[in-house]
Structures are given as structure tokens and as C-alpha cells.
Amino acid sequence: MSAAEDYYTQTVELLQNLRDTQMDNIDNAAEICSNSIANGGLVFLFGAGHSRMMCEEMTPRQGCYVGFFALVELAVSTHASIVGTNGLRGPLFLEKYEGYAEEILNGFKFGPHDAFILISTSGIRPLIVEMAMGAKERGLPVIAMLSKPHGDQSPPTHLSGKKLM
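One gets this note's numbering by counting positions in the sequence shown from 1 and adding 4 to each.
No lab work stands behind these hints, which were simulated from the structure alone. Please note: incorrect hints may appear among the correct ones.
[Unchecked claim] If you anchor each label on the Cβ, the simulated ranges turn out as follows: (1) T13 / K100: 20 to 28 Å; (2) G111 / N43: 20 to 28 Å; (3) G67 / L163: 25 to 33 Å; (4) H54 / L19: 17 to 25 Å; (5) N110 / T13: 41 to 49 Å; (6) L19 / N43: 41 to 49 Å; (7) E60 / P153: 33 to 41 Å; (8) S6 / N110: 45 to 53 Å; (9) Y69 / R23: 20 to 28 Å.
[To be verified] In silico lysine to aspartate or glutamate, EDC-like type, Cα no more than 20 Å apart, as pairs: (10) K152 / D28; (11) K140 / E107; (12) K140 / E102; (13) K113 / E77; (14) K166 / D156; (15) K113 / D156; (16) K100 / E77; (17) K140 / E35; (18) K140 / E106; (19) K152 / E77; (20) K152 / E17; (21) K166 / E102; (22) K100 / E61; (23) K152 / E9; (24) K166 / E106; (25) K100 / D28.
Here a beta-carbon is modelled for each residue, glycine too, at the ideal position from N, C-alpha and C.
All chains should be modelled from the sequences, with the hints used to inform the complete structure.
Printed below as a string of C-alpha cells:
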């Protein structure tokens, strides 16, 4: 089997597993998002680091349906280089800094029909955990998109011991 065929086969297997195990959750998430948008709300999206890319893929462009809003915090999601002034040290520090999420959330106004999607590989960093806690405190339904196997194997890093899932 060629590398391309192997990649394709593994991708289809992952998607089939997602369909077999998560379809109810996907349907529930779709219902939350559609109700939010239908009632004049927004679906806020947040992910740090590479997770920001998925947020941007879900935001409107020309010809797309408006209703999703990427809450982009450049300090934790733009990497010009691995080392140096714009390297990873700063963003990794901020992802672990408890209290930073509240400062980000305070910069936005949330309405009664809004919802929140949080995207993370593991769901263990304080920033993502506190974004979920802050959204819930504001009365927003929270949808988590993450790798369950990765999250299950990773210990929490928030002082509360909580994870995104």
C-alpha cells in the first residue's frame, strides 16, 4: 500500500469512528449552534496555537453564512518562529497562566443567545479550561472539540484539576 493510500485509509477509519461514537454529540452541537444563530446570537470560537486554524475555517468569508465569530488572541496563536522574540515561550506561558482567559473574555460582549465552541488537542491547559468556565459563568452553552484519547491520557494542568471534557 502506498503512503497516500495508507493515509486515506487511516483518515476514513478515523472519520468512521467519529461517526460511530460522536454522532449524537455532533447533532447536539449543531442544534445549539443553529438555535443560537436563528435567535440572533453568535457562536464564538476559541482555540490557542494550532487550534486557532480550525476557528478560522469556521468563520464567515464571502458567500458563507454569518453567525460564527473567531475570538482570536494573537498572543497565543501567532508564531513567527519557534525561538526568539516571537517564539513559543510567550504563548506557552500564557496558555498556562491562570486568569488570562478572564482578561480575554472581558474584552467581548456576550448576549443571551450566544454559544461557545472551544477547540483544543488535549483540553488540559489552564487557558482553555478557564475559557470554558468563563463562558459557562456567562450563561453560554459550551461545545468542546478535542481529541478524547489525548485528553484522557494527559493530566490536568489547571490548579482545580479540571479538564475541558
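Practice task
If any of the earlier hints don't hold here, list their numbers in rising order.
Solution key: Violated hints: 1, 3, 6, 7, 15, 19, 22, 23, 25; rest satisfied.
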